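6 protein chains.
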Amino acid sequence: MPIIKVEILEGRSREQKRELAQVLTRETARICACSEASIFVVIDDVKKENWAVGGTLLADKYPD
Amino acid sequence: MPIIKVEILEGRSREQKRELAQVLTRETARICACSEASIFVVIDDVKKENWAVGGTLLADKYPD
Amino acid sequence: MPIIKVEILEGRSREQKRELAQVLTRETARICACSEASIFVVIDDVKKENWAVGGTLLADKYPD
Amino acid sequence: MPIIKVEILEGRSREQKRELAQVLTRETARICACSEASIFVVIDDVKKENWAVGGTLLADKYPD
Amino acid sequence: MPIIKVEILEGRSREQKRELAQVLTRETARICACSEASIFVVIDDVKKENWAVGGTLLADKYPD
Amino acid sequence: MPIIKVEILEGRSREQKRELAQVLTRETARICACSEASIFVVIDDVKKENWAVGGTLLADKYPD
Chain S
1 MPIIKVEILE GRSREQKREL AQVLTRETAR ICACSEASIF VVIDDVKKEN WAVGGTLLAD
61 KYPD
Chain C
1 MPIIKVEILE GRSREQKREL AQVLTRETAR ICACSEASIF VVIDDVKKEN WAVGGTLLAD
61 KYPD
Chain E
1 MPIIKVEILE GRSREQKREL AQVLTRETAR ICACSEASIF VVIDDVKKEN WAVGGTLLAD
61 KYPD
Chain L
1 MPIIKVEILE GRSREQKREL AQVLTRETAR ICACSEASIF VVIDDVKKEN WAVGGTLLAD
61 KYPD
Chain P
1 MPIIKVEILE GRSREQKREL AQVLTRETAR ICACSEASIF VVIDDVKKEN WAVGGTLLAD
61 KYPD
Chain R
1 MPIIKVEILE GRSREQKREL AQVLTRETAR ICACSEASIF VVIDDVKKEN WAVGGTLLAD
61 KYPD
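The listed protein sequences derive, respectively, from chains S, C, E, L, P and R. When we follow the UniProt record's numbering, the leftmost residue of the first sequence carries the number 1, and every step to the right adds one. When we follow the UniProt record's numbering, the leftmost residue of the second sequence carries the number 1, and every step to the right adds one. When we follow the UniProt record's numbering, the leftmost residue of the third sequence carries the number 1, and every step to the right adds one. When we follow the UniProt record's numbering, the leftmost residue of the fourth sequence carries the number 1, and every step to the right adds one. When we follow the UniProt record's numbering, the leftmost residue of the fifth sequence carries the number 1, and every step to the right adds one. When we follow the UniProt record's numbering, the leftmost residue of the sixth sequence carries the number 1, and every step to the right adds one.
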């Protein structure tokens, strides 16, 4: 059943996403005692221009 | 009032989205006894690389 | 695959939720050409004190 | 602590997003009596094709 | 159009929520050049037991 | 930076939530090469009456 939504800064590789999905699913199933098959992981790639911490856009804090 | 967020795999046509918005709005208004005008439907197109079921990325399960 | 998140004002009955889940699932599966079994519907009951339209809390607009 | 998620129609400028992040963070910190540094603002640019009000896609209501 | 979702720790008063809705709506309308009437603000009161920063539940970091 | 939102069925213990927050934070930091301190985990306890799979409320599928 669990739905895991991960909002991360844009730029992670498919390999990182593959491992993230695998590990978060496995660990959540173990800890919550539910089947891995029932777990959804949805990743949201957020642009630096769309994420602010402490009022500052990350695009300004970490310009390309 | 209701806000309906639909996360679906990327690739649906505008026609499908048009019908989805129309039908989900109509049926929600009917069932929840509220006005259609007050209902927001927001669709999120999710890449196969960003969606995992049972720990496997759909991009791996269903490669292009 | 689709995940349908419905944010509605607190107070709907289980019957309404049952029908909402059934109908939104059936229609989304039909329109998006996917299996009903793969669709999650998650309903979020929102208190009137936690929902504002046009800057006014619904708890103030529609006091109990 | 607060997380502020802002879903807006695609097309706002970086200047608008910069001011939005700054002002929403400042005002939320003031009103909720918490530190600005702990506040995340995440902006989601939504395509007109993915947003419906009253059952009508904004892409149909306001064609380009 | 904008939808502003604010996740905050449980415990804020209705007055704080009233001002938060008012100010976030007013400022978002000003900055994004849209009408206040079209803006939804939805507040989510999150229990300390359901929020972790740096891997630690806030219920453990700040016990009642 | 990452925000991890976990929607799970109501009823998990604080110990499960503690471990979930710890492990998801640690693994996400490792995989995404970011600091644990910057990661938020927000857990949403969903009632069985508010979650449907395949069009059936879990409250109906698994009555108390």
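These are calculated hints, taken from the structure and not from any lab test. Since the model is a prediction, treat every value here as computed from it, not as a measurement. Watch out, some of these pointers could steer you wrong.
A pair holds if it fits inside one copy or across any two, identical chains being indistinguishable in the list.
Stated by the list, open to error - Calculated cross-link-like contacts (lysine-lysine; reagent style DSS-like; alpha-carbon spacing at most 27 Å):
#, residue 1, residue 2
1, K47, K5
2, K48, K61
3, K5, K61
4, K5, K48
Hint check results:
When the C-alpha separation of K47 and K5 is checked against a cutoff of 27 Å, the pair qualifies both within a copy, at 16 Å, and between copies, at 14 Å. Proximity of K48 and K61 under a CA criterion of 27 Å is satisfied intra-copy only: 9 Å inside one chain copy versus 29 Å between copies. Taking the shortest alpha-carbon separations for K5 and K61, both the intra-copy value of 25 Å and the inter-copy value of 19 Å come in at or below 27 Å. For a Cα distance limit of 27 Å, the shortest separation of K5 from K48 qualifies both inside one copy, at 18 Å, and across copies, at 14 Å.
Taken one by one, the earlier hints all hold for this structure without exception.
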